[in-house]
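**Student:** Sequence:
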Amino acid sequence: MNILNDDFRDFIQCLNKHQVEYVLVGGYAVIIRGYSRSTGDMDIWVNKTEANYVNLLAAIMEFGLPAAAVIKEQFFSNKFDVFSFGKPPYAIEIMTAVKGLDFMITYNLSTVERIDNVIDVRVVHLNQLREAKKAAGRNKDMNDLENLPTAEA
32 MNILNDDFRD FIQCLNKHQV EYVLVGGYAV IIRGYSRSTG DMDIWVNKTE
82 ANYVNLLAAI MEFGLPAAAV IKEQFFSNKF DVFSFGKPPY AIEIMTAVKG
132 LDFMITYNLS TVERIDNVID VRVVHLNQLR EAKKAAGRNK DMNDLENLPT
182 AEA
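Letter 50 of the sequence shown, counting from 1, is numbered 81 in this note's numbering, and no numbers are missing.
Hints are computed from structural coordinates only; laboratory data are not their basis. Incorrect hints may have been included.
[Stated by the list, open to error] Below 27 Å or equal to it, Euclidean Cα-Cα: the simulated BS3-like pairs (lysine-lysine) are: (1) Lys79 to Lys110; (2) Lys130 to Lys165; (3) Lys171 to Lys118; (4) Lys79 to Lys165; (5) Lys171 to Lys103; (6) Lys130 to Lys103.
Predicted model, so just to flag it, every value in this text is computed and none were measured.
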């Protein structure tokens, strides 16, 4: 069974090729961590550093989006934390913050998972995913919490 569509796999391949520090979060992480549900987008959380911004731009341009898709001032601003591309169910959201989590701690605890037998994806650890869902507190996040496994070693 394939989890990701071709565009999502291509985008992640570009992130990997350009050594972008990222973690898959959101609905696809929920699915990978054990609760199969629908989702309208792929959420990618990226490290908010100068070097990572440069790598992200290279990945975005190789994927076919313009460099202006992620404006530097907005990337580093605390007023902006999500850059959206496309429309559900094929939307990609690049996030620079996730409520309740620290990027480097989450990155270091995340695991690289082989998805669709073709691509390696860095995925948020179940415990951090549960923390983010608690912090977000929306109805769909509470539903995810009820249905996700409770702990991962």
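**Student:** Now tell me, hint by hint, if it's right for this structure.
**Tutor:** Hint by hint, here is what the structure shows:
Taking the CA atoms of Lys79 and Lys110, the gap is about 13 Å. The hint holds against a cut of 27 Å. Pair hint Lys130 plus Lys165 holds up; C-alpha atoms about 9 Å apart against a cutoff of 27 Å. Only pairs whose Cα atoms come within 27 Å are accepted, and Lys171 paired with Lys118 is accepted, the gap being roughly 19 Å. Taking the CA atoms of Lys79 and Lys165, the gap is about 23 Å. The hint holds against a cut of 27 Å.
A C-alpha spacing of about 31 Å is found between Lys171 and Lys103, which places the hinted pair above 27 Å, so the restraint is violated. With a C-alpha separation of about 21 Å, the suggested pair Lys130 and Lys103 falls inside the 27 Å cut-off, and the hint holds.
The earlier numbered hint that this structure contradicts is number 5, and it is the only one.
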